[in-house]
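Note that this note's numbering has the sequence shown beginning at 77, numbered continuously upward.
Note that these hints are calculated values from the structure, not bench results. A hint or two may mislead.
[To be verified] Simulated crosslink set (DMTMM-like; lysine to aspartate or glutamate; CA at most 25 Å straight-line):
id, residue 1, residue 2
1, LYS153, ASP125
2, LYS257, ASP189
3, LYS170, GLU303
4, LYS235, ASP125
What you are looking at is a predicted structure, and each value in this text was computed from that prediction instead of being measured.
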Amino acid sequence: MTVQFEDSYSRKFYYLRLSITDVCNFRCTYCLPDGYKPAHKNSGFLSIDELKRVVSAFAHCGTSKVRITGGEPSLRKDFTDILSMISSQEGIEKVAMTTNGYRLAKHAQSWRDAGLTNLNVSVDSLDARMFHQITGENKFREVMAGIDAAFDAGFEQVKVNAVLLKDLNSSELPAFLRWIKDKPIQLRFIELMQTGDMNSLFEKHHQSGVSIRNHLIANGWLMKVRERSDGPAEVFCHPDYVGEIGLIMPYKKDFCDSCNRLRVSALGKLHMCLFGDYCVELRDLLQEDKQEVELIARIQGQLADKKQSHFLDQGHTGMTPHLASIGG
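Whenever a hint applies, use it, and build me the whole structure from the sequences.
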């Protein structure tokens, strides 16, 4: 290890979220309601060699977990090769992906064989009609079959992401709890986050996760201790449930205190924060292996300017045009 990536608030970064495409085939209400449209003149997403140099630099600076995101990462034809490459990097202990799950039933085994260790699948409703309404795609049964296939492939746990939406899926907690009672699923409710172009959606459908948190605590759920490479979820377990509940509540005052992750976009830009209004170009330093020292120095230099918080709790609106572009 060369040097541990660390910012001026003594936060260490063990976790890289690496977007490999911003293309997505779903049209989720809260992300890409009008479907995918290129947000840039596409000069090509990072090649597998460029991705390898990103991962190598982070691994040499203490990162042990890489999450592959999109868009929908499995839309890349070389996705399995990317998995193999990342899992073979010395120092990388966890290789995760976030997916809409539409290709999971077919590929769960081959992805696991290629080195995928952790899996997050988006399931915003357990009602097929509501799932269609939220995602824009009538793929509920395919996604659920994919989760079953993941267990058959040997994944011990599957994390399921559900964006909490008032008046849409916010009444489904009892159904979700029944679903995870005997299944090793960590169900993660994610608060809807306000970005600059979705104010009306936020005002109409935002619901705090605090009510769910209070319900869980009142019903015997206990918070688990966080591990150093874990994401931002508060995770709860219960002796009567095989599954777990996670809550991601970005509007909590101290949400950023445990930040341990950085983001690199599919075009090679370093984002210090999902809601930050600036990014740092890395691609010019991803062309040759010998550039790694300079690449590490640029990343570490930028960490000195990483802000203490995203300030969402103070009314700051995230500047990200749409979260899909940097693997939100």
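Evaluation of the provided hints:
no. : hint            : verdict
1   : LYS153 x ASP125 : holds, 15 Å
2   : LYS257 x ASP189 : violated, 28 Å
3   : LYS170 x GLU303 : holds, 13 Å
4   : LYS235 x ASP125 : violated, 29 Å
Hint compliance for this structure: hints 2 and 4 are not met, and every other hint is.
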